[in-house]
Structures are given as C-alpha cells and as structure tokens.
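Engineer: Below are the chains, spelled out letter by letter.
There are 2 protein chains.
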Amino acid sequence: MVSEQRTADVSFESLLRIFTVPEGPDSTLTQIEEKLSRNLNKFLREHIVAEEKPLREIEKDFSNAAIPEQPEFVSDHTQHLLDNLVSHSVHTSAPSFIGHMTSALPYFLMPLSKIMIALNQNLVKIETSKAFTPLERQVLGMLHRLIYAQQDGFYDKWMHSANHSLGAFCSGGTIANITALWVARNNALRARNGFKGVEKEGLFQAMKHYGYDGLAILVSERGHYSLKKAADVLGIGQQSLVAVKTNSDNRICPDDLLAQIKSLKAKNIKPFAVVGVAGTTETGSIDPLRDIAKICQQEECHFHVDAAWGGATLMSNNYRHLLNGIELADSVTIDAHKQLYIPMGAGMVLFKDPSSMKSIEHHAQYILRKGSKDLGSHTLEGSRSGMAMLVYAAMHIISRPGYELLIDQSIEKARYFAELIEQQADFELVSHPELCLLTYRYLPEHIKHALEIANADQRAELNGLLNEWTKFIQKRQRENGRSFVSRTRLTPAHWDRLHTIVFRVVLANPLTTCDILQNILQEQRDIAQQAPKLTQKIEALAQQICAK
Amino acid sequence: MVSEQRTADVSFESLLRIFTVPEGPDSTLTQIEEKLSRNLNKFLREHIVAEEKPLREIEKDFSNAAIPEQPEFVSDHTQHLLDNLVSHSVHTSAPSFIGHMTSALPYFLMPLSKIMIALNQNLVKIETSKAFTPLERQVLGMLHRLIYAQQDGFYDKWMHSANHSLGAFCSGGTIANITALWVARNNALRARNGFKGVEKEGLFQAMKHYGYDGLAILVSERGHYSLKKAADVLGIGQQSLVAVKTNSDNRICPDDLLAQIKSLKAKNIKPFAVVGVAGTTETGSIDPLRDIAKICQQEECHFHVDAAWGGATLMSNNYRHLLNGIELADSVTIDAHKQLYIPMGAGMVLFKDPSSMKSIEHHAQYILRKGSKDLGSHTLEGSRSGMAMLVYAAMHIISRPGYELLIDQSIEKARYFAELIEQQADFELVSHPELCLLTYRYLPEHIKHALEIANADQRAELNGLLNEWTKFIQKRQRENGRSFVSRTRLTPAHWDRLHTIVFRVVLANPLTTCDILQNILQEQRDIAQQAPKLTQKIEALAQQICAK
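Protein sequence lines correspond, in order, to chains A and B.
For the first sequence, position 227 (counting from the first letter as 1) is numbered 230 according to my numbering, and the numbering increases by one without interruption.
For the second sequence, position 105 (counting from the first letter as 1) is numbered 108 according to my numbering, and the numbering increases by one without interruption.
Possibly wrong hints are sitting among the right ones.
Put simply, identical chains are the same to the list, so a pair is met inside one copy or across any two.
Distance condition first, Cα-Cα at most 30 angstroms in a straight line; then the derived DSSO-like pairs of lysine-lysine [unchecked claim]:
| # | residue 1 | residue 2 |
| --- | --- | --- |
| 1 | 203 | 270 |
| 2 | 373 | 63 |
| 3 | 45 | 117 |
| 4 | 211 | 273 |
| 5 | 270 | 248 |
| 6 | 376 | 160 |
| 7 | 540 | 373 |
| 8 | 361 | 203 |
| 9 | 117 | 160 |
| 10 | 265 | 248 |
| 11 | 373 | 248 |
| 12 | 478 | 373 |
| 13 | 376 | 63 |
| 14 | 199 | 376 |
| 15 | 199 | 270 |
| 16 | 63 | 38 |
| 17 | 536 | 117 |
| 18 | 540 | 361 |
It should be emphasised that the hints constitute simulated quantities derived from the structure, not laboratory data.
Isolated chain A (complex conformation) (with noise of 0.2 angstroms):
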C-alpha cells in the first residue's frame, strides 16, 4: 500500500492513499480483509490451545527495537502477522482453554467491532462522540438497574444529568475497583470546617486534620490483588489492606469483619471501605453480601462489591439470589469482558448514589466545562474509545434471557464437572462451584488416606511434594497444547490451611464440552505418570507413613 515496490521511497501521496477509504469490493485492502477472515476462522475452528513453542524462541521473533527505515506493503506485514504472531497466541475461544476468565466470544461482535474502530470516538467529550455518549450512559443506567432495580423515574431523572453518574465505564476491573475507592476515600476525607477535602489537601493533611492514625479497607483473603495496588495508588499503603479470614468455602466471615473493625477503630485508624466479592477470582465464591452490608451501615463504611466475575449472574432470574445484597452495596463493579462475553477492554463501576461521583470530579477548559455532559469528567481515564457500544450490541441481540441461559449453562457444567471429579479415585475436589469456578487437584486415594493419616510434620512433607507433582501437570499440559487448566494456591481448611497448588477451572465457555472436561482429567492423570522420580519420592513417602 505505501510503495510501490518494497524498496522504494515513502511519498506522500502514497501516504494519503493510506487514509483515503478504498473504493469497491476488488480493492486490495478488501482481498487482504477476506484473507485475513478466512484464515482468523480457520485458526478459530483449530481446537488447540496453542502452538508448542517456547517463549524463548518466540521472542527472537520481537526482538529488534528499532522502527523499521522501510514500509512494508499491508499484504506482506499481514502474513508477517499471521506467521509469527496469530499461530503463536493463545485460543482463548477453543472450548478446552478452561484456565481463564477470558473465554470465546458471540461472532456478531466482530463486525460490529468494525463500527468502534473506524468510526473512533473519544469518549472524554461530546465533541469527539456524540451519540455515543447518551449510549454509554445507557449502558451504564442498565448495569445500575440490573443491580439496584430502581424506579423508570429513577433513571429518566439522572441517567443523562450532566451533573451526576451513575458510574464509569473504564477499560478493567482493576480501574473500575480503583475509582470506587477513590470515590470512597474522597468522600470520607471530605472537605469541612475549613478543610478542602482529600483531593485538594492531599492524604497528609486530610489524616491531621480528621486526626486519626490510619486509614483501612477491609476485604476477604480472597480478595483480587488489584485491591493491593488500589491500597497503594491511593497512598493508603498495601499494609492497611486489612485481610478478613475466610471460612471453608473461602467466603469471608461476618464476626472477623466485625472484630477487624471493632480493633482498628480502637487504635484510632478509620475503616473507610469494606469490599465483598461477588466470584473470587480463584474459586468463585460470593461473600455474605447483606451481612456485609449490615455491619458497613453499621460501622459507617462505603461498601464495595467486587463482581467483576460473578456480576453477569444477576441476568439469571435462577440464579441471582446468589448475589443478594449486592442491591445494598454503595458501589458495585462488573466487567462486561467476563461473563457479558466483550472483547477485552470492557469494565464498569456502578454507583448507588447518582452524587458518589462528585468527589472525583474534575473540569478543564477545552473539555470537560461545567454543566457538560462530557462523561470525561467523572473517569480516572482520559481518551476512551466507544467500547460501551459493543455492551450495548450485545444486550439487544442475546438478551436477558439469553444471557441467562449462558449464565446457568456455566454453572451447571462447573456442577457437572465437580461431580466428576468425586467419582475419580485419583481426583480430589478442593473447592466445589458456586459459580462456573472450581478448584482440584490429582491425588490417587493412597496418597489421600496416606495424608490424612500423616503427622503434621509428614503431611507438609507429602503436601509440598503434591504441590511439585500439581505444577509439573498443569505446566506439562499447557506445552502441550491441547488443553489448558490455571492453577493457584489456596489453604484448604480440611488440611490444616496448608499452602496447596491446585488446578483452577472456569467453565464460561458454551462450547465446552463433557467429553473435553472427560478428557483433560484423562491428560492430567497420563501426564503425571511422566515425572517418575517426583512419583516415586510420593510413593514412597506415603509407603513411610502407612507403615507406621
């Protein structure tokens, strides 16, 4: 496209060509777009998790940082792409990719992606996207009415005031967790009696002048770890993240909550937010949602739900009681690029009150002027693209109820597949599904009734030599491609809360299987007969103590 030969110099109509829109079906451009589809499905319809190369002998690949001095036409750089880059990512879509939130997405959302990236609005301003700004408003009103079911006259009153949110669309979770504490560290530290309020006066000065000795945030030990970086943004510090114990199934427990705070407010520091999580990112588990909400209004914290995960549940009219209380929560955030199946880049925080927002507000000039609609103004990130739109697709042609059928056929599979696991001799579950998530690990029954019986000293031994033989699997049968399971360490109550390596599943995938699910325990259990050294040290470790 830019030279007509590939050693011939740039010029500047060849450039103008480039920004120019191609004209008529045979264009070059076209006949690369075909390609290029034709071969993005075939590569979707290979139903491997990846190629097996390493990392290493990839990267030789990306390892030149210098711009090239010379263009390269379009159809030779997208076979370059496709040669080196498509055949060695990751399927996150093929139905036995089972290890991530990430997952396959509808097909409709491909070309409708068309529209958000060529007609490339910037959210921050009206200016740069118009109606995109009543629909990412929408958007944000449907996720706040799916969660808080407020009144029509509700939303028809501050869904579309320029002077109110009703919460931020922001690329992640991570963001949209940060901005609900932004929002709730602002508002606890807010201006007073000559006080201008955290955000003018700084963290420093807002602690002397409310006069306590530390701020806190409460959440599960299940928390995700973007809180710990929220905690350290924020100039809370990651230490005053405060852990609450977790019971044994790992949702965090109302009477340690209590007591946390009851013990931090008598050392004088503030607890200014507690965070429920609505589906660990580990496990799946949802926390006591309205026990939660009792004591934050009781104690007078801002209570944030994390459901990035586990948020989507609410389409399910079966399956949201799971959730209940989280209509309680003082904001609440979900990432449409999970369980809503948008591509990556799609989070949102919710606000219960449409005025959360106004301790982060901000203005400027050019953009952002009082009394603006621009949604610029109550994001922590500038320049967005229109990625609420694909949200707002995605809700009009799957539905609710197609959303729901989703959402239930998950967690029904992560039931099936728990059940399964129990009736292996070889398997053990360690954490049993509330959502799609669950947790295992290979442990022949020997080897189990050799670690129940063990001494305390013995059973570490045994369970750190399990944790060896758990990597060594999952590694193994991500090289291999074919499938591919996470893993993560979890400190199962029933075996002393030892640090134990499991598998870790998610089953948000429609096109997953029984007999993919049937399969990889079968890979996983041929797979650990192929570290005979680590077998036998297992073996005989666990002879010892049966011995006895």
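Please arrange chain B on chain A, whose structure you already have, making use of the hints.
Structural biologist: Just chain B now, with coordinates in the frame of chain A:
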C-alpha cells in the same frame, strides 16, 4: 441470529450458534459485515462533521434502562445501530474536523483490528497472550529507543527481561501520566531504616518517617488536567500540583521553576517530580526540556515528560530537535492513538531506567508469579487487550520515514494556516504553531485597534464581549456540522493576561487541504454576523473607546 422469529424464545442451540465460527462466504454474518463495511465507507466519505441533531433529541433514543427481554436479529440490530448511532456520531476523520487530537486512521488498521478482536488476548499474563507479550515488549522497546537511543546491547539485555520493564502499555495518556508519577512517588518515599516504603505503609506514615511537611509536583500552568487527577488519586492533593509560570510562548520559565522548588524546600515540602510538557494540549507548546532536566538533576526530582501529543515528533529527523532534552527524562508519556494514528486506547509510558518500575511491582498466586514475564506485574491496569499489535503493524507498514512525512506535513500545514490567519484583516493569531496546533480568534482590525488603545476597564469589558463572540461562532459552527474547531481559554501576555477565549485547531489529518482551511475562516466570518445584538454591543463599545 439468536432466534428464528423475532418473538421466538431463546434456545440454547441458537446461543451455541452465535459462538460458532460462521461457515463460508455466504453466511448471514458475512453478508451483514459487507453491508456494514459499505455503509461505514459511505459514512467516512461524507465530508461533514456531524448531523444537526441536538443531544437532547438523541438522548431519547438511549433512554431505556431496562435490559431487553427479547433478542434481536443481528441484521435488525445492525440497521438500528446505523440509523441511531453511526449517523449521529462525530466524523472525527473528516478533513474539516480540525478541533481535537482525534483524527483520521490509516485504512489498513480496520482489517488488522480484526486480529485483535477475534483473538481476544489478555495481555495481563502470558497464559492468555503468548506471542502478544514479546510483541508488546518490542513495541515498548521501539518507543524507548526512539526517545533514549540506547545501544542494541541495552535492548538485548532488558527488553525481554522478566524482572525489568522499559515501560507500560496502557489505555491512554492519563493512565500513563498517573503511572509515571506513581513510580516517582514510590521511589521518592522508598523503604529505608525500618520504614517499609510508601507502597506498603502509605503516605501518612511515609511523611512522618521522612519528616516532610508536604509533597509537590511542578508543572507549567499549561499542563494537562490529567496531572491534577493524578495528584488527587495518588493522595498528594491537587493543591500540591504547583503551577509554574510560562512565557509568552506558553513554555515553562526555568527561573520560576527553580525559584518555586527552592521556596518549597524552604517550607520543608519535597518537590519529588517535575513534569515537562512536550506539546501542550491547548497550544502544542514544548517546554525547554534540557533546562528542566538540569534543574531536576541538581534538585533531585524525578523528571517526567508528558509527550502524549508531541512524542511522535521524534519520528521526524527534521523536527525531532524540537524535543531536545527529552532523552534526559526519567519517564515519558506518548499516546499512540494521537500522532501515531492508532485507534483509541493506546497510551504508553517509558522509563529510562529498566529498574524504575520495581517500586510498583506486584504479584499474585495464579498469575504474575515472581520471575514470570507477565506484563501485568508492572501495569496499573489488569486485563488489557492486544492493542500493541496495531502499533507494531503501523510501525512496519508506515515505517519511520512515513511517519516523518506525516509529522512534517502537519507542522507545515499549521505554519501555512498561521500565515493565512495573519494575512486576514479580521482574525488574530493568538498562539503560533510549534507543532501542528495553533489558536486564534475573530477580531476585526478596528476592534483590535480599540482593544489596544482602551484603558484597563474598557479592555476587560471589550475582551469579555469578544469572548462571547468566539464562543458563539464556535458553537454555531459545530452545530452547522460542516467543520469543527474547538475552543479554549488562554491568558495571552500581549493582552495583559486577560482570560481570552480562542479557537483551537489541531492539524493532524493529512487529508485537510488549504482550501478547507480557507473555507473554515470564511464560515467563521459569516457566522460572526449572525449575532446582531452582540455585534452591535461590540461595535458600540469600540466606537466609544476610539472616540476618546
């Protein structure tokens, strides 16, 4: 797609279908895509800026907060989007849209974006991105080299190092700036003598440990509003963002910078970061970076350069000297979705020292494990799309000399427009273009004369009326929809630093012609006559001034 009839029930089979790759070139989805492409191409060829429909009217189409209970056909919904969204969006790519930094895109990015959307990689970790991770590291390496021009050995050593990072790819310049200042804050208040660092213990403890009475970030009074947001989020407080005086060219005054630093230090306030601007948002002015660097070195401040707009100028061997001294910065923000012509959502921050980001590193059990090459351990965001591939592709297809041509023609077009404005008897050029931005206003010669000879009160009054005029013209021109310039408020030295509303122009679209620029002036001249009462007031006051 979802249902056979518009009123039919949702079935799981129909849902499975939407996740299944459409077969063949005649599939419904392929047909929809072709129709969509035709429609979008037609839209993009229409050289107008926006349809004349008031926002309040558009909002009526986006007023329902209920999530639909009935699925829609993809084809029906696509038509709905074309009618209600696309036709009322802003033609940011129109050659007469010269008001903001969002501009036209090279057409080859439309098909290539498909790769990004279809593969739906998540760059937070290698397990969901594989080859995309080394690709993003290479892109960061390319930008690093463009700024810092280190030897090949440097990039061989650090670009793919698990424990280092040349920067972070993020959704935009705001997150990039926040990241840079987050790193600067954490490095300034690092762990020592039993204190565990601000990231762990928070700002309040950090200030007590270090014994400072305050912190400060210094930036010219023309700095971007995102810096105020950063100061708020990071707990520094907006008041601690100290505005440094600018000269008549809207560039920071090094003397004032040094004086302010000294004065802060005398008050026991730690100025931990200075932000130099390379391309202010309002006027495109570039601070004297070398002078700032020298002061930062001497005063031990982190030196950050916000080159979100101007950074791409480094691509031009003819104009990169304008940014001399940027290579002395500790960190630099560059937005690829501005002058690198990438779709919305592509910002970057680069750090001179590959170890700088250590101070914000974070880990988790299921991803970002220590020693992994997961990009997520050094980003403010969590899940992120594979947007870096579009930067990579554009670098190869356009190449550095191609970007040089684009940058050069933008700057030269701005110079042409500045001359054109100066030739008019009824326009005043307010800020000369250093890059491709300039500001001006409608100011007929005899009114200008009155403004010059007026006393202070009269001048303020007349200037206020002129501001109304500029606002009126800008709004009416936007509403007419044929062309678009933005507006902002400056304080020109020439006019006693009076608040002066000006037209703001960004000339980044290579398709904008000299004819279009001439027409824009003519349209503004015509509109100026459409506010007879205001014109009368201005004329009367001018006459009164001149009569004395």
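Engineer: Now, for every hint given, state plainly whether the structure supports it.
Structural biologist: So, going through the hints one by one against the coordinates:
1. 203 to 270: both (27 angstroms within a copy, 19 angstroms between copies)
2. 373 to 63: between (51 angstroms within a copy, 23 angstroms between copies)
3. 45 to 117: Both. Shortest intra-copy (20 angstroms) and inter-copy (14 angstroms) distances satisfy the 30 angstroms Cα cut-off.
4. 211 to 273: Classified as both: same-chain Cα gap 13 angstroms, cross-chain 18 angstroms, threshold 30 angstroms.
5. 270 to 248: within (20 angstroms within a copy, 45 angstroms between copies)
6. 376 to 160: within (14 angstroms within a copy, 48 angstroms between copies)
7. 540 to 373: Between copies only: 27 angstroms across, 70 angstroms inside.
8. 361 to 203: both (13 angstroms within a copy, 28 angstroms between copies)
9. 117 to 160: Classified as neither: same-chain Cα gap 33 angstroms, cross-chain 39 angstroms, threshold 30 angstroms.
10. 265 to 248: So residue 265 and residue 248 pass the 30 angstroms test inside one copy only (15 angstroms; across, 49 angstroms).
11. 373 to 248: between (45 angstroms within a copy, 25 angstroms between copies)
12. 478 to 373: between (54 angstroms within a copy, 16 angstroms between copies)
13. 376 to 63: Between copies only: 15 angstroms across, 48 angstroms inside.
14. 199 to 376: within (25 angstroms within a copy, 43 angstroms between copies)
15. 199 to 270: Classified as both; 26 angstroms inside a copy, 20 angstroms across copies.
16. 63 to 38: within (27 angstroms within a copy, 41 angstroms between copies)
17. 536 to 117: Classified as neither: same-chain Cα gap 53 angstroms, cross-chain 46 angstroms, threshold 30 angstroms.
18. 540 to 361: Neither way: residue 540 and residue 361 sit 61 angstroms apart in one copy and 38 angstroms across, limit 30 angstroms.
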